[in-house]
Every structure is written in structure tokens, then in C-alpha cells.
Amino acid sequence: MKADVELKLTHDGNKWIGQNEQIVASGESLNDLDEEVKCALQKSGSYAAGAQLTVFMGFDFETFPRWLRQYHNHYFNRCVSLVL
Amino acid sequence: MSEVNRKWTDGMLATEDWWAVWVGLILFGAGLLSIWGIDAVGWMAKTKTWEWSKFVADPSFNMFLKAAHGKAGKAYEGMGGFGSLIVTFLVFGGITTIGAYFQKLDVKKYVLGFTCIFFITFASWMAGHEAHFKAAMTSQSKLQSEIYGNDVYCMTKVHKCTRKINKALKKMGIDVLGGQVPTQEQAAMAVGKVKKAIRLSWGLQLGGGFSYILSLLVGLFIGNFLKGFAGFLKEAAKPEWFIKTAIVYLGVKLGHMSISSTAKVGGGGELMLDLALSGAAAAFVAYLIFWPIVYALGRKAFNLRRDASAVLASGISICGVSAAIATAGAIRARPILPIAVSMLIVVFAMVELLVLPAAYTALAPDQPIVNAAAMGMTVKTDGADAAAGAILDELMVANHYTKTGELWEEDWILAGAVLTKIWIDVFIGVWAFVLALIWVYKVERKPGQSRVGASEIWFRFPKFVIGYFIAWLTYVAVVVWFPEHAKHADAGAKVVQSPMRKMMFMLTFVAIGVITDFSKLKGMGRLTLLYAIALFAIVAPIAYVVSYIFHHGLMPPVVVAG
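Those protein sequences? They're chains A and B, same order as listed.
Those letters in the first sequence? Residues 101 to 184, by this note's numbering.
Those letters in the second sequence? Residues 45 to 606, by this note's numbering.
It is worth saying that the hints were derived from the structure and are not from the lab.
Worth double-checking, as some hints may not be accurate.
[To be verified] Facing chain A, a subset of chain B residues (Cβ under 8 Å, in silico):
id, residue
1, 50
2, 366
3, 376
4, 379
5, 503
[Unchecked claim] Once the Cα atoms are required to be at most 20 Å apart in a straight line, the calculated EDC-like pairs of lysine to aspartate or glutamate come out as:
id, chain 1, residue 1, chain 2, residue 2
6, B, 148, A, 160
7, B, 148, A, 162
8, B, 278, A, 162
9, A, 115, B, 351
10, B, 153, A, 162
11, B, 208, B, 450
12, A, 102, B, 54
13, B, 98, B, 195
[Claimed, not checked] Per the computed footprint, the stretches of chain A lying under chain B, defined by three or more beta-carbons under 8 Å from a beta-carbon of chain B, are:
id, stretch
14, 118-127
15, 158-165
By construction, the Cβ of each residue, glycine as well, lies at the ideal position given by its N, Cα and C atoms.
Chain A extracted, bound-state conformation (with noise of 0.2 Å):
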């Protein structure tokens, strides 16, 4: 599936963060996160107001310690829709 908004996802020990080259946005849930990336896009100036857009948020498992990156490799990806 295409989403129309990329995102890399990481958290640094108190909030979410998910940014590309355009945005970066943060928030202490994950719900706060995707009010902020709806914030962040609609500032952007790169949507229309009321777009319907896919936001595919992955996160970036090389923020975990390598020592335990053996044992898994793969935290989660989510995709949200924002209406802006």
C-alpha cells in the first residue's frame, strides 16, 4: 500500500517522534503524535485543508541497543489517515 506521507518513528524515553525531510513532530502518546503530524502537515503548506492523506510511520529499530538487536529486528510499523 502507498501512503502518501512517509514517516520514521522513534521514541526518545519521554515522547514519540516521527519526522521525514519536511516535518518533524512529537508527542507523549501516540494519539498526541498524530494530532502534532496533522499539525505539522497542515503547516507544511504542502496539503489542502480537509485532504484525506495515509501516514506510514515505521520505526527505526537502530534506536535499540545493538546488543538486543540480535534477538529481533523489528519493533512496528502503523499507518494512520488524517483528515487535515
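Given chain A's structure and the hints, the job is docking chain B onto it.
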């Protein structure tokens, strides 16, 4: 740099899971070249049983090692033990360094670390093969000590010595299988003629198990008392990579066992099928019984949050670190949670590895396959489970032989432990997917907002299992469909499924010890207590009962001496 799984092919060159498949299949393929008369694996270093006083009298490196060349070719006949060790180091060091490069490891640190781990591994392996620790007493000494003496041990597989002593007696005109009994002098003369039979004043008869335990202790010593050195080795201490490669090689062994045992004793193939099916049933039970109990314990008795209980329940009751990360990802937990739980799991897996093989051997010496499956359900992480299975195999076979004189075919107990664990591993993707659906659509419901892709199942699927089944089925296919090539295929496969596999196990033992730091348990009081209670009061006993129900009556084939 970032690592996000997007396409189904992602990670094929970048993860240790896939590299276990590549390293496994490359050398399995090289082994199969023996079909065309090419011995591409005969350089592999193979340990020999040696005896201390003989070494002191005439020191030679060739006492410890030899090249494993089979009947496929003569190319390595002149290669000494040291030469085969160096070639083995260069080949495995070379292949795994390529893998390390693609996995974006620090290649320089990896090469230095692997070099140290490799030679520490072989030093432990060779030391553990000293006859007083390893050699088994011959059945003549065991059953007729008044004639042969109670001090005749065998430097190779014990039934071979028994057979050769009987042959030597036959050449002297005494047919022991026909009922004739030799005098003490004749017996002594026959024993003297058998090169691999040796007289020892004492012997622990631990088989290869002593090498495993020794290498584990060496690794643990480094990990807990030489922490600076452990840090230096860390880049190359990859027990999961090593064990997953070993499990691919074990696939060859299982193919070999399915066929040769069927031919020999009538039923080995059936036993393998029984093991596989009962392993699947037991794995299913593990998910359905352990998880809810441990989850409820975490929630009710320890007041843990929902996400912490779920991650712990999966880590403790399913397949360890992999399950903890998969579950945490499925329920979108903060990453710190699976990281903390994983530290706990790795340390407890070591405790299980140290305690359970000896405990099962002592408590249920006549239930080898039940013990094996219970091990597969109880011990977390692939590395610790396969390692525990290997130790259990060695200890139980040696113990049974010492007590009864009956020799079980080796590796069936290991196969039981690994097969059960593999079923548990295989379903973790599905389990995590179900959890993700429950979490996203029920627990934290926000209609229309987030979707769970079925691709998550594939991303979480343990890829080394693919290599394991390819090796298993390919070997069986070659032997069944091209029986005229079976003998030649076996020559190369033997090297892959025995010395190569055992070396990867030995590397795992050292590496798992190096990365286990017991001091990491500090500050995890409540979680540690919950883990200990769940493991020893819930998972281990229930696993044993389930294992008994599904595996009761299964026994390894007996090697007939004669």
C-alpha cells in the same frame, strides 16, 4: 542511518537472522558438492579425545584436532590439526565478517572480537575433550569388569570400541557374541590391540557436555569478572547469530536422522514426525496457558500496568527477548519497556541454562524426550534453549549409558528441545499480530485512525527457520530421490551437521556467557521477583506436565553395540 522494515525483502542482507540462513546454506551447499566428488568442507577442524599423560610424553597439536575430511575427497588428508584450525578460522572468520559488514557492525572490532572468541572457544573445546572428563567406559568394563577390569574407556564413540574389542577377540579365536568367555589375559590382550581403548584410573564420563559447560563458564567468567575484556568482545559476541546458524546445520542433522534411523531401527522417521507434531501441540498449549496466567499475575499480584504485564507475560512464557520485543511493538509500548525486560530475560535464561539440564537429568533420567520438550518450553531465547538442549543431550546419554549400559543415539534430545522451541518461535508473529489487533481495535480503540498491517507477521517471522527447513528437506530430497548419490551426499553433510554445528554451539556458549552480566539484575527487584515466581512456579512445572502428556513414551533410538 535508519532501519525501518517496509518491503518483505528488507533486512535480507542487514540482519543476523537472515545471515544465519546465508552462512548456514552456503556451507551446507559446499558440503553437498561431495555428490560430485568435491570435498569443499573437509578442512573443518574436528576435536579428538586426548589423554593428558600421553600428551606430556609426546606433545603434539594433532592429538587435539584433525581435519574432518570425509570419503568425498583426499584433498585434506595431509592437513594437520593446526592447519585445519587456521583454515576453519579463516573461512568462518571471513564469511561472518562479510555478514558483520552488511549488518553495519564495526568490522574492525568484530574481527578482533571474533578472533578472540574463536580461539577461546577452541581452547575450551579441546580442554573439555581430555579423556578423564569425556571418555565413556566400554561396555566390557561396565558389564564384565572381573574379566576386563573396570578401567577401560573409549577415546571415540563407545560402541565402536566395544565392537573392536570383540573383533580383536574373534581374531584370537574367541567368539564372545557366540557365548565364549575370554580369560583375563586374553581380554587384556584384545583391549591392548584396540587403539582407541585406553585404561584410566578415573573418568567422569561426561561426553561432549563437559566442553559445553567449560566454555559456558569461561564466557561467564569473562562477562562478569573481566568486564573490560567482555566489552572488547561484545561486537562479536552474537549468540543468537551463532545458534541460528547452528540450527540451520541441525536441519541437515535432522534430515540425516530421519533417514538413517528409519533404516536402522525402523521408526526414526516416525519418531521425528512425533517430535514435530507433539512440539507443535505443546507450543500451542504454551501460548494459551502460560500467557494468561503470567499476565494476570502481573496485573493482580504485582499491580503492573497493562503494557508491562503483557510484555513480561510474553517474555517469560513464550520465547524470551524476541517475544518481549514483538509484544511491546504490537501494543505500541515505549521501547524502554522491552529493553528492560530483555535484560532480565537474558540473565534468567543463563540461570535456566545452568540449572535445568542437570536438574532434569537427575530428576527424570528415564524421560529423555519429555525433558527435551520441557526444556524447549521453559528456557527462553534460542541460544539458551539450544545450548541447554545440547547439554541435556550429552548429560542424559552419558548418564543413561553409565547406569544401564544402553547407548541412546545422540542428538535426539537436542532435536526435541529445538523443535519445540522452533514452533514457539514460528508463531510469535501471528501472536503479536493478534495482540496488535486486540490493542489497536479494542484496548486503545480510536476508530478509523490506525491500521495493523498483516506484513507485521512476516517482519516478526524468525527467518533462520527457513534455512533450517531448506537444509532438512533438501538433504532428505537428495537421499530419497537420488539414492545413488546418498553415500556421497552424506560424506559432505556429515562434516556440516557434526563438527561445524558443534563449533557454532561452542561459539554460542562462549558468546552467551560473555554478554551475560548478572549485575544487571540490580534495581529490578519487583520485576525480578515476578520473573522468578512465574518461571519456577508456573512455567517450568506446567511445561513439564504438558510435555509429559504429549511426549510420554517417546524414546531415542538405541545404538546397538555388537
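Given pair status - residue 54 of chain B, residue 102 of chain A, alpha carbons within 20 Å: holds (16 Å)
Hint consistency between residue 98 of chain B and residue 195 of chain B [alpha-carbon to alpha-carbon, up to 20 Å]: holds (16 Å)
Agreement of residue 278 of chain B and residue 162 of chain A with the hint, judged by alpha carbon distance not exceeding 20 Å: With Cα atoms ~17 Å apart, residue 278 of chain B and residue 162 of chain A stay inside 20 Å; holds.
Pair hint outcome, residue 115 of chain A versus residue 351 of chain B [Cα-Cα no greater than 20 Å]: holds (17 Å)
20 Å Cα cutoff - pair residue 153 of chain B, residue 162 of chain A: Within the cut-off at roughly 18 Å; holds.
Coverage claim, chain B over the stretch 118-127 of chain A, checked by counting residues with Cβ within 8 Å (three needed): violated (count 0)
Restraint check for residue 148 of chain B with residue 160 of chain A, where alpha carbons must lie at most 20 Å apart: This hinted pair holds, its Cα atoms lying about 15 Å apart.
Interface hint for residue 376 of chain B, Cβ within 8 Å of any Cβ on chain A: Holds, because the Cβ-Cβ distance from residue 376 of chain B to chain A comes to roughly 6 Å (cut-off 8 Å).
Restraint check for residue 148 of chain B with residue 162 of chain A, where alpha carbons must lie at most 20 Å apart: Distance of about 10 Å is within 20 Å: holds.
Agreement of residue 208 of chain B and residue 450 of chain B with the hint, judged by alpha carbon distance not exceeding 20 Å: Status holds; Cα separation ~17 Å.
Closest C-beta approach of residue 50 of chain B to chain A relative to 8 Å, hint status: Result: holds, 6 Å to nearest chain A Cβ.
Interface hint outcome for residue 366 of chain B [beta carbon to chain A under 8 Å]: Because about 4 Å separates residue 366 of chain B from the closest Cβ in chain A, which is inside the 8 Å limit, the hint holds.
In this structure, only the earlier hint numbered 14 is contradicted, and the remaining ones agree with it.
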